[in-house]
Amino acid sequence: MTDLKKVADYFGSKKGLLRYYTYEFLRILGVYSKFKRVDFTKVKRLVFVCHGNICRSPLGEAVARHHNIPTTSFGLDTRGGDPADPRAISWASSNGYNLNEHQTKRVDQYAPIDGDLLIGMEPKHIREIKRRFEKQPIQITLIGLWLNSPIAYLHDPYTANSEYFSRCEKVVADSSTILLRAIK
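In the working numbering, the protein residues as written are 13 to 196.
Simulated from the structure, these hints should not be mistaken for laboratory data.
Certain hints may be false.
Claimed, not checked - Computed cross-link-like contacts, DSS-like style, restricted to lysine-lysine with a CA-CA straight-line distance of at most 25 Å: (1) Lys18 - Lys56; (2) Lys136 - Lys26; (3) Lys182 - Lys27.
Said to hold, decoys possible - The calculated label-pair distances, taken between Cβ atoms and stated as ranges, are: (4) Thr53 - Ala123: 30 to 36 Å; (5) Arg144 - Lys54: 29 to 35 Å; (6) Ser174 - Ala123: 34 to 40 Å; (7) Asp186 - Gln115: 24 to 30 Å; (8) Pro149 - Asn80: 22 to 28 Å; (9) Glu113 - Ala194: 24 to 30 Å; (10) Arg49 - Thr189: 29 to 35 Å; (11) Pro95 - Lys18: 30 to 36 Å; (12) Lys18 - Ala123: 27 to 33 Å; (13) Tyr33 - Asn160: 27 to 33 Å; (14) Arg139 - Gly108: 19 to 25 Å; (15) Thr171 - Glu146: 16 to 22 Å; (16) Glu146 - Ser45: 16 to 22 Å.
Glycine included, every Cβ here is placed at the ideal spot set by N, Cα and C.
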């Protein structure tokens with residue numbers, strides 16, 4: 013296996029590798045620690061957020077829905093109305109979740125409610141969420157912070173190979189499941 017193949021399998025791309033370690037350095041310095049401090053007594057709905065709302069955030073939503081937790085998802089840069097990525101649908105189905113009816117939602121289709129916990133996949137999602145919803149009664153977190161071995165950055169798998177795509181979806185499902193335990 014070549015080094016580039018290893019990078020593609022584990023990080024999605026060379027850019028994914030660079031971003032992963034950049035954000036990990038910042039996580040280790042404590043830059044994202046405030047996003048792990050969630051007041052779960054105030055959480056009424058989980059809102060999963062990613063770039064296109066076709067790979068990562070729909071799966072987080074499906075995991076929460078599977079456990080009967082109020083949930084939704086949206087993309088920060090999507091046209092809306094598209095189905096989930098076929099690979100995401102397949103991965104979800106193989107792991108007991110359903111994405112068959114998912115339709116992408118644009119950020120402007122999201123209506124914040126008191127008690128929303130917005131869950132970004134990358135630090136840039138957090139910055140955009142804070143910019144757009146700074147006056148709303150919401151809390152914000154990063155999905156990877158909930159892993160047993162936390163991470164700050166989960167690269168978008170849309171253009172990645174199947175190995176990374178599966179790894180990414182597993183991270184979303186595992187993180188979401190751990191987060192759900194904190195809510196229940």
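Taking the hints in turn, this is what the structure says about them:
{"no.": "1", "hint": "Lys18 - Lys56", "result": "violated (40 Å)"}
{"no.": "2", "hint": "Lys136 - Lys26", "result": "holds (18 Å)"}
{"no.": "3", "hint": "Lys182 - Lys27", "result": "holds (20 Å)"}
{"no.": "4", "hint": "Thr53 - Ala123: 30 to 36 Å", "result": "violated (22 Å)"}
{"no.": "5", "hint": "Arg144 - Lys54: 29 to 35 Å", "result": "violated (20 Å)"}
{"no.": "6", "hint": "Ser174 - Ala123: 34 to 40 Å", "result": "holds (35 Å)"}
{"no.": "7", "hint": "Asp186 - Gln115: 24 to 30 Å", "result": "holds (25 Å)"}
{"no.": "8", "hint": "Pro149 - Asn80: 22 to 28 Å", "result": "holds (23 Å)"}
{"no.": "9", "hint": "Glu113 - Ala194: 24 to 30 Å", "result": "holds (27 Å)"}
{"no.": "10", "hint": "Arg49 - Thr189: 29 to 35 Å", "result": "violated (20 Å)"}
{"no.": "11", "hint": "Pro95 - Lys18: 30 to 36 Å", "result": "holds (31 Å)"}
{"no.": "12", "hint": "Lys18 - Ala123: 27 to 33 Å", "result": "violated (43 Å)"}
{"no.": "13", "hint": "Tyr33 - Asn160: 27 to 33 Å", "result": "violated (20 Å)"}
{"no.": "14", "hint": "Arg139 - Gly108: 19 to 25 Å", "result": "violated (33 Å)"}
{"no.": "15", "hint": "Thr171 - Glu146: 16 to 22 Å", "result": "violated (31 Å)"}
{"no.": "16", "hint": "Glu146 - Ser45: 16 to 22 Å", "result": "holds (20 Å)"}
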